[in-house]
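2 protein chains.
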Amino acid sequence: MSIVVVGTVAFDTVETPFGRGENVLGGSATYFSTSASFFTDVSLVAVVGEDFPEEHVTFLHSRTIDTTGLQRSPGKTFHWSGRYGFDLNEAQTLDTQLNVLMDFRPNLPESYRDAEYLFLANIDPDLQMNVLEQVRKPKLVACDTMNFWISSKPDALRKVLQKVDIVVINEGEARQFTGESNLVKAARQIISLGCKRVVVKRGEYGVLMFTADTIFAAPAYPLEEVFDPTGAGDTFAGGFMGYLANTGDLSEEGFRQAIIYGSVMASFNVEDFSLNRMKCLEYSEIQTRYRSFKGLTHFEDITY
Amino acid sequence: MSIVVVGTVAFDTVETPFGRGENVLGGSATYFSTSASFFTDVSLVAVVGEDFPEEHVTFLHSRTIDTTGLQRSPGKTFHWSGRYGFDLNEAQTLDTQLNVLMDFRPNLPESYRDAEYLFLANIDPDLQMNVLEQVRKPKLVACDTMNFWISSKPDALRKVLQKVDIVVINEGEARQFTGESNLVKAARQIISLGCKRVVVKRGEYGVLMFTADTIFAAPAYPLEEVFDPTGAGDTFAGGFMGYLANTGDLSEEGFRQAIIYGSVMASFNVEDFSLNRMKCLEYSEIQTRYRSFKGLTHFEDITY
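Those protein sequence lines, which keep their order, are chains A and B.
Just so it is clear: in the first sequence, position 199 is 199 by the numbering used here, and no numbers are missing.
Just so it is clear: in the second sequence, position 283 is 1283 by the numbering used here, and no numbers are missing.
If we strip away everything but chain A, and leave its shape as in the complex, we get:
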């Protein structure tokens, strides 16, 4: 099954203690769709400016991502600049130039409107809602968000969260949105809005997935070298949704495997700047790392 994702395609300028990437390819929809493309067909909805080079579009096509929904508008592409310290869990935003994103009105190509899987990546909640309304009968809808929308558009965001099946959110943002310091309570509160699952991303500490009556904990893969965490959350979401769309298995077990595939994809992505690691990733490596996750977390049940 194919996935539609709406989000950003961007230029990023990123500094980490291990190097610097200037005007590299980034954006939530880019990371998501590249990651998901290892599992299923992906159709992208986003906007870029006149300065967006053809080579990046060529890359997306090389991953068989459908870019019919990639609008090209007069002006410059969205540009984000950020810096990470030795604590790679949180970026400090240095500069945000919305550029063409300011007037972005997503208009889904007809071929996208029957999508069964929809991911509303981090973007203005009004646009997320707009896209959601254009997809006729999605089987599974997930969304992400960020602190900026939680503080600036809490009501619009709340409406989106009420309409989706799965909320994917950072730990700190789950606490911020609910005003609840205990994460279990925060997740339950989000579920009470109407969604079925909350996936809480915790950076190097992994992921917690909540339903009304289950919790699943997955660690992040412990890496000796983390170069650039940019896009890890969207890459995670891409693997997660991509695997679900591939199997169509929406059981608790299927969701748990999807969480691990998402974690696998994120663990590769942070090994290099931008999408460089994704560009040379092989499917066999994904399977090997999935098995490593099993080895990382396995313990015997009580035997007596």
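Worth double-checking, as some hints may not be accurate.
Stated by the list, open to error - Covered stretches of chain A (in silico footprint by chain B; criterion: 3 or more residues with CB under 8 Å from a CB of chain B, positions within the stretch not fixed):
hint, segment
1, 143 to 152
2, 176 to 183
3, 199 to 211
4, 218 to 226
5, 255 to 268
What the hints assert, rightly or not - Chain B side only, calculated, beta carbon under 10 Å to chain A, not exhaustive:
hint, residue
6, V1184
7, L1223
8, Q1257
These aren't lab readings, by the way, just hints derived from the structure by calculation.
All residues carry an ideal CB built from backbone N, CA and C; glycine is no exception.
For this one, chain A is given, so just place chain B on it according to the hints.
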């Protein structure tokens, strides 16, 4: 098999957003030995002052903890005061009154010296070494430490770490001790000193256990109510070592199960102030929560 633990027995005054405990029973050896006592025989080495009430000794005896090594010295019992904010991962120390701890010279009763399992809880590394030298032929020795000793006695601490089998240490302290921000590298560096395993405690994010060529990740149990994290680390270590001493299974699998039992014990301990939860804990609850950990972390292997 029995365990000997050296550490502190203390009065704690603890503030959390959920309440306050004044002059309650605390100390690393107290939490460790109480937790371990659910699995095996424990012998405690520590010092208290003249003000230490008999009811606390009676409690330790009720857990069949051997207190032959509990010295009573002229003066007051060690007193720690701390405060936790809504982020319950780290305490802010408000006051430390060493009192009788200042002149503590552990002298192990003859009956302790053939112990097979030894835990050197957080205490002056010179005292840890002193105790280690008094135990004739231990099968397994583990130690803990804290930021204070890392900065004030790094050489003495290094000598201890070179002599033990397992180092149990907080995430932040592992980074501080090694000067290495990447946790995998920090753990490998500690292992290179000579120990076989490093167990890194990450508060609400659980535990990572490293050997030279394996990593095991265990989450903390997600709780809706965390009242007081004081002693969680020592309670974890008590369950961990207690289970190992009980089974004698020092295989990787045995260590992993021990990590889960340690995590189970810690998850109960934080549910109430001081050792109150331990006082009413039943073994059947421990087994039930172990199974919950299995449910919390289980996912299917690749099926195709």
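* How about the segment 199 to 211 of chain A: do at least three of its residues have a C-beta closer than 8 Å to a C-beta of chain B? -> Coverage by chain B holds for the segment 199 to 211 of chain A (5 residues, Cβ < 8 Å).
* Three residues minimum, CB to CB under 8 Å: does the segment 143 to 152 of chain A make the cut for coverage by chain B? Let me know. => violated (count 0)
* **Whether chain B covers the segment 218 to 226 of chain A (at least 3 residues having a Cβ closer than 8 Å to its Cβ atoms)** => Coverage by chain B holds for the segment 218 to 226 of chain A (7 residues, Cβ < 8 Å).
* Asked: With a Cβ-Cβ cutoff of 8 Å, does the segment 255 to 268 of chain A contain at least three residues near chain B?
  -> Satisfied; 4 residues make the cut.
* Cut-off 10 Å, beta-carbon criterion: hint that Q1257/B touches chain A -> 6 Å, holds
* Asked: Do three or more residues of the segment 176 to 183 of chain A come closer than 8 Å to chain B, measuring C-beta to C-beta?
  -> Satisfied; 3 residues make the cut.
* Given V1184/B as an interface hint, is the shortest Cβ-Cβ distance to chain A below 10 Å? -> 5 Å, holds
* **Interface restraint verdict for L1223/B against chain A (beta-carbon cut-off 10 Å)** => 7 Å, holds
Checked against the numbered hints above, the structure breaks only hint 1 and satisfies the rest.
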